[in-house]
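Just so you know, the protein sequences line up as chains A and B, in that order.
So the first sequence is numbered by the numbering used here: it starts at 1 and just counts up by one.
So the second sequence is numbered by the numbering used here: it starts at 781 and just counts up by one.
Derived from the structure by calculation, the hints contain no laboratory data.
Computed from a predicted model, the values in this text were never measured in an experiment.
Take these hints with a grain of salt, some might be off.
[Claimed, not checked] Reference excerpt, derived from the structure (chain B facing chain A, CB under 8 Å, subset only):
| id | residue |
| --- | --- |
| 1 | T852 |
| 2 | G879 |
| 3 | C915 |
| 4 | G917 |
| 5 | Y927 |
| 6 | A935 |
| 7 | Q936 |
| 8 | N937 |
[To be verified] The calculated DSS-like cross-link candidates involving lysine-lysine, where the alpha carbons are at most 25 Å apart (straight line), are:
| id | chain 1 | residue 1 | chain 2 | residue 2 |
| --- | --- | --- | --- | --- |
| 9 | A | K12 | B | K931 |
| 10 | A | K559 | A | K583 |
| 11 | B | K862 | A | K12 |
| 12 | A | K768 | A | K12 |
| 13 | A | K443 | A | K774 |
| 14 | A | K137 | A | K304 |
| 15 | B | K931 | A | K712 |
| 16 | B | K895 | B | K862 |
| 17 | A | K443 | A | K768 |
| 18 | B | K895 | A | K31 |
| 19 | A | K14 | B | K862 |
| 20 | B | K849 | B | K931 |
| 21 | A | K446 | A | K774 |
| 22 | A | K150 | A | K49 |
| 23 | A | K583 | A | K475 |
| 24 | A | K776 | A | K717 |
| 25 | A | K327 | A | K150 |
| 26 | A | K14 | B | K894 |
Virtual Cβ for every residue (Gly too), placed ideally from N, Cα, C.
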Amino acid sequence: MAEALGFGHSVKRKEDARFLRGRGNYIEDIKFPGMLWLDIVRSPFAHAKIKSINKEKALATPGVAAVITGADLVPYKLAWMPTLMSDQQMVLPVDTVMYYAQEVAAVIATSRYAAADGVAAVDVDYEPLTPVLNPHKALEPDTPVIRADKQSNRIWHWEVGNRAAVDDELANADVVVAEDIYIPRIHVASMETCGCVAKWDSVEGHLTLYMTTQAPHAIRTVVALVTGHLGLMEHKIRVISPDIGGGFGGKVPVYPGYVLATAASVLTGAPVKWIEDRTENLQADSFARDYHIHGELAATKEGKITAMKMGVVADHGAFDSAANPSKFPAGLFSIATGSYDFQKAFAEVDGVYTNKPPGGIAYRCSFRVTEAVHAIERMVDVLAQKLEMDPADLREKNFIQPEQFPYKSATGWEYDSGNYPAALEKAKSIIGYDALRQEQKEKRAKGELMGIGISTFTEIVGAGPSHTFDILGIKMFDSAEIRIHPTGKVIARLGTKSQGQGHETTYAQIIAEELGIPEDDVAVEEGDTDTAPYGLGTYASRSTPTSGAATAVACRKIKDKARKIAAYLLEAREDDLEWEKGKFFVKGAPDRAKTIQEIAFAAYTNHPQGMEAGLEAVDYYDPPNLTFPFGAYICVVDIDRGTGQVKIRRFVAVDDCGTIINPQIVDGQIAGGLTMGMAPALLEEIVYDENGVNLTGSFSDYLLPTSVETPKWEMDKTVTPSPHHPFGAKGVGESATVGAPPAIANAVVDALAHLGVTNIDIPITPPKVWAILKEKGVAL
Amino acid sequence: MNVTININGKEYSDDVEPRLLLVHFIRENANLTGTHVGCDTTSCGACTVLVDGVPMKSCTMFAVQANGKSITTVEGLAQNGKLAPIQEGFHEKHGLQCGFCTPGMMLTSVAFLKKNPHPSEEEIRWAISGNLCRCTGYVNIVEAVQYAAEKMAEAQNG
Ligand code: FES
Ligand code: FES
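Isolated chain A, as found in the complex (with noise of 0.2 Å):
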């Protein structure tokens, strides 16, 4: 019999068995007899007047079952749909569209290429209107409101601190700094797209929706509080999140496309396929980050920091989809205090409309933790740089101490656990820091660029609290129902969603911790409404902290029964009985011990009188606080004085996220988000021409990193487990996304920092390099 392996080991991934031998099952691979393909008709304009759609051609083309528009959904209430945060997105514009790629009609066919004939063949006269494409412009009084059912630009003002004490502190400090920082709109471009298959059966009044969604059951709630009034309640919605070929926080939203797809499928009654592109992908899906950053900071002339300020412009394009917990528009931007110990701060962050796609969302982190973390690592160095100090040893000046933990910091949040100066020694040990700094020097001299870069972040992850943490109104817990076989095999149900980071190994591997049952002989499923508990899905780095959570949890709950059933079975007393990995054993004599497999088959074949047959727990977890992983990145890079290409030659990421279950898992989890950190530190970034046309719709001009660019990270860890964890895990998914690209960035300022260069914003590219290389007289 396989071995119950559990924390601390790298067991190899049971799911990859079906991915390498292609037998995953993806959105794309999942098919029905009768199937029709829907696609999508979208603006060519970003903000205009629908004058006509004409939809004669299309209908005429063979292989078009049907054309929806705009004024086709009206009568059922379903031109709109209500977003995650309390805003209203079209589905279908009646009269203007606010985007350019804007879904404006869809086109029902029986073959992917028929539906693409007819998106051709539809013909939409427009009126062009001048889209407002700059958030600070928008907020300007004169500038018209773009959005017909609202009274301003300005969507939401929020605001935590102490404005009156931060403004005296600036006020009055021995130095200040200020930075504007502008961290641009990227795209999570998951290698898989979008899509849905809707599959309507109209005898028993019931929807299956086979959708790329992080949240199946949140969604399913949605969709029933959407068409409720048509009739669909939730008991007659199954959502079927299957196999996802990464998320990363652009599958949590709605998009058009499925609620199309849904609608597609009721009217024809046949199945609908609806699987985006990649250009629509780019260019419709919704997008992350677009904050324009003001930062300020306060200190003694010794380097103590006193006072933080930020104020941030958010660009949300035309409706505000992001997925933040209801009380937060702005995410966690509040953890904009970072990894030190200062009591004066304050932030605050209007959001805006614009013409472009609606958004807000993450790019692999955990809501808005990456935008504050660039902004606080970035001014950090700037501070540093002001100070004429080492930032390191700025860092460390400033650094919350491991004996302040649980610590509150100014913006009222409690972290839980922490040892910031051991993550950033072990950096600098490994990299070398001194003779880096000694080498810089000496590079300089000879006139050469090179830079060393440093990030000691801290996130916010695994929302949440319940008291704090909703979406919609609902909870932000999370579940696990787990039942052990007659046999002692298990299958366990989780309310989250694996898009890639292992769920069905690491989930079996904290039951094989727990209750000594080997991982060959748990089986998890997840994303399927009708038999997983209730959920709130996989995004910011929740999934540990939560599911992992309510998993142990459930574990010891059968611990628990199956405690009294081995004391019937051994004629023991509970509290004589010893628990070891898998068996309870009588105190003293280890040879009466049964095994949870005996104890399980006596669970249905000879549980003691009065008691209820069966081996099984369920936990809704509610988590007491986030957790705080953190960590200290150090970049080294050489700039090439002839292109501006920006080198990175070493970048050293220890990482800290608590208890470790499958350490090759975890590395893996922190090379990707490496890579995704580096991404928009160096190349990515969504482009628009002067009248909103998105430019960046291919990955030929929106520029992924591949295996050339993406340089050998070197990794390691620390270990701080979370006090209010139960096995004291923190969640990794997203920690070095967050972490990276302040690093890197810090790395080419400090390249060009003796030239006066204080600030370059994301993405750092050779034109821009260039630019200040021959601004400064050092181009080659």
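Using the hints, position chain B with the ligands against chain A.
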């Protein structure tokens, strides 16, 4: 138009539109869904298959162009139920997360290792640079290819 394409040793014949892409023939006509589509500009490599042993992006070829040719897809890598060295390598070295890029990555690697059985890390990185992966950061993919190279060398020597 009538085409006959041999995929993983089996003949598939169908009457297709001239514009049908090879990748759609493989996925829909032959019902082999392990080959994926990740872009529409020949950029991502998720659709890579071997056409007469040469790695090709099957989204950039018409089915009719493959008429009479022999194709290997991910479904054809394992032999008699035994994983190929490249598949073993991806499993052992954790070279896949979501698995979407994996079939294309493996087929590119198989063709590359045939030409260059003892590659350096740098050579592997260049060889797979036409295949994008959004999840793994490539470190483990490179190690998976190295693992496969070693396994194949062992098998050859002994
Ligand atoms: S699908 Fe991207 S290259 Fe073929
Ligand atoms: S494993 Fe997800 S894209 Fe490569």
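Compare the structure with the hints numbered earlier in the document and write down the numbers of the violated ones, lowest to highest.
1, 5, 6, 7, 8, 12, 14, 18, 20, 23, 24, 26
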